[in-house]
Structure formats: C-alpha cells, structure tokens
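Enquirer: First to last, the protein sequences are chains A and B.
The first sequence lines up with residues 2 to 72 when you count with our numbering.
The second sequence lines up with residues 932 to 1102 when you count with our numbering.
Quick caveat, the hints were computed from the structure, so don't treat them as lab data.
There's no promise every hint is true.
With the Cβ distance kept under 7 Å, some of the chain A side facing chain B (calculated, not the full set) [stated by the list, open to error]:
hint, residue
1, MET3
2, ILE7
3, ASN17
4, ALA19
5, MET25
6, GLY30
7, VAL34
8, PHE36
9, ILE37
10, ILE38
11, ALA43
12, ALA45
13, GLY48
14, THR54
15, LEU55
16, PHE56
Reference excerpt, derived from the structure (chain B facing chain A, CB under 7 Å, subset only) [said to hold, decoys possible]:
hint, residue
17, MET971
18, TYR1070
19, THR1071
20, LEU1094
For each residue, glycine too, the CB sits at the ideal point set by N, CA and C.
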Amino acid sequence: MMLLSIELMLNSVNLNLAAISHYMEDLRGQVLVFFIIAVAAAEAAIGLGIVVTLFRHRNSIHTDKIVSLKG
Amino acid sequence: MVQFLFFYFAIAVIGLGLTIVNSRNPVHGVLLMLVLFFHMAGLYLLLNAEFLAAVQVIVYAGAILVLYLFVLFLVTLREEVRISPFIEKGYWLGFVIAIAMFVTFIKGIQNFTLGTHGIYTIETIQQLTHTKAMGKAIYTTYILPFEVAGLILLVAVIGGIALAKRERKGA
C-alpha cells in the first residue's frame, strides 16, 4: 500500500506539471512528466525486486517482523 | 461538454484515490488504480497532450501495474494487515497537518508570479501533432536529461537482475 501511495503522489505531481505547462504555453512541464514516468517505472521495478527478495528470505512481508539485520 | 468531462474526470480521480488508500484488499487497490490511470489519461487528453496520455496508459497502466500484480500474487497476501497505529488518535492529527499544508499551498499560490510564456502555443501544438512537438523539444533542448533517463533505466535493469539472482550452492 505504501508503494501504491508513492505512485499516486507521483501521478498528482505529473498532472500539476502538465496543467501548468499547458497554461504557460511551453512544453517544459510535459517533458518533465515524461521523465518522471520513466523514473517511476525504474523505481517501482527496484522496489518490488527488494520486496520479492525480502519475501524469499523471511517468508513474510509484515515489516514489523523484519527487525534483524543479520541475513 | 468539455467542462462536464473535466468535472467527471476530476471527481473520479479524487474519489478513486480516496478509495484506493482505504481499501482492505491490495488487489482491489491495484485494480482501482488501473481505472484511476485511465481517468488521468483522459485529463491529459483534455490538456492537448496526446503523447502523454498514450505513454501513461502504456507504461503506467500497462507495465507498472502488471508488475505490482505479479509481485502481489507472488507474495500471496490475503488481506492487508491492520496494525495498531503508531500514535494514538493519530487520525485527527494527520487531518490537521494536511489542512495546514493545504492552507500553506493556497497562500503560496496567491503570491505566485508567472514566468515568461514559451513558444509552444496551443495552435502550434495542434498543427504539428503533440508527439512531434515533444520530439522537437526532447531531442533538441532536453537531450541531456534524455540520456540520463536512459542510464537510469539501465541501472534499474541491472539492479533487478542482481536482486533476483539465486546463490549457487557449491561452485
């Protein structure tokens, strides 16, 4: 749910940038939206990779149970 | 007509956002997010940004959400675990902080002076299509961020492979 909220926040920033760039009659905001989508994809991939690796070792993704650094 | 579409998309986005955050089942949350991304693409279409709407649907709704669904089913989460909140009666404190941030944003917008208008007017964008206008902007002025975005994606691919490797037992 945390990861979904990050995507929601990134989308809200995208909408803001696209709207203001439309108002200013320039394309800078929309180009930035394009790059933000690319970076969000990369970050979602790595974040989910971490979740999968964590699940493989601890068999639980309840973060309150993941309290020791020892692998 | 355009007004009616804008109000429908805007209210749908807000309502869906609230529903996603409060949903018990994460798979329901991801599917509602898919609907939310389609409404966001509709909002981009109303802003004359067809390329962004297409990229949003293809990349966000088509790739990132599918990745989320894969991981959710791999992890076999039945229901979102409800734990006791970290701060007691934290709900009202969060509400007050959110209202304070909203008031700060509104006060900031009132003292906002716009910069200079750019050269890509709406008529120019509609004449050459938005894809071509974005291409002109990205490949001439913003070529360096474009290369850096390519590097970021390369790093993400390498990181994904490194995270998913299994250790070989023995040699």
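Enquirer: Confirm or reject each hint.
Expert: To see whether the hints hold, each was checked on the structure:
1. Below 7 Å, beta-carbon pairs count as interface contacts, and MET3 of chain A has none with chain B, the closest being about 10 Å; its hint is therefore violated.
2. For ILE7 of chain A, the suggested interface contact is broken, since its CB lies about 11 Å from the closest CB of chain B, more than 7 Å.
3. With a cut of 7 Å, the hint placing ASN17 of chain A at the interface with chain B is violated, because the nearest CB-to-CB distance is about 11 Å.
4. The interface hint given for ALA19 of chain A is met, as the beta carbon of that residue sits about 6 Å from the closest beta carbon of chain B, less than 7 Å.
5. Given the 7 Å rule on beta carbons, the hint for MET25 of chain A holds: about 6 Å separates it from the nearest Cβ of chain B.
6. Given hint, GLY30 of chain A at the interface with chain B, is violated; its Cβ is 10 Å from that chain's nearest Cβ, farther than 7 Å.
7. Checking VAL34 of chain A against chain B: minimum C-beta separation of about 6 Å stays under 7 Å; hint holds.
8. A cut of 7 Å between beta carbons decides the hint on PHE36 of chain A: the least distance to chain B is about 5 Å, and the hint holds.
9. A hinted interface residue such as ILE37 of chain A counts as satisfied when its beta carbon comes closer than 7 Å to some beta carbon of chain B; here the least separation is about 10 Å, so the hint is violated.
10. The criterion of a C-beta within 7 Å of any C-beta in chain B is met by ILE38 of chain A, whose closest approach is roughly 6 Å, and the hint holds.
11. A hinted interface residue such as ALA43 of chain A counts as satisfied when its beta carbon comes closer than 7 Å to some beta carbon of chain B; here the least separation is about 3 Å, so the hint holds.
12. Hint on ALA45 of chain A holds. Least Cβ distance to chain B is approximately 5 Å, under the 7 Å limit.
13. Because the closest C-beta pair between GLY48 of chain A and chain B is about 9 Å apart, greater than 7 Å, the hint is violated.
14. The beta carbon of THR54 of chain A comes within 5 Å of a beta carbon in chain B, closer than 7 Å, and the hint placing it at the interface holds.
15. Given the 7 Å rule on beta carbons, the hint for LEU55 of chain A is violated: about 9 Å separates it from the nearest Cβ of chain B.
16. With a least beta-carbon distance of about 5 Å to chain B, the hint placing PHE56 of chain A at the interface is held under the 7 Å criterion.
17. The criterion of a C-beta within 7 Å of any C-beta in chain A is met by MET971 of chain B, whose closest approach is roughly 6 Å, and the hint holds.
18. Proximity of TYR1070 of chain B to chain A is violated relative to the hint, the smallest CB-CB distance being about 10 Å (cut-off 7 Å).
19. Below 7 Å, beta-carbon pairs count as interface contacts, and THR1071 of chain B has none with chain A, the closest being about 11 Å; its hint is therefore violated.
20. Contact between LEU1094 of chain B and chain A, as hinted, is supported at the beta carbon level, the nearest pair being about 4 Å apart and thus within 7 Å.
Checked against the numbered hints given earlier, the structure breaks hints 1, 2, 3, 6, 9, 13, 15, 18 and 19 and satisfies all the rest.
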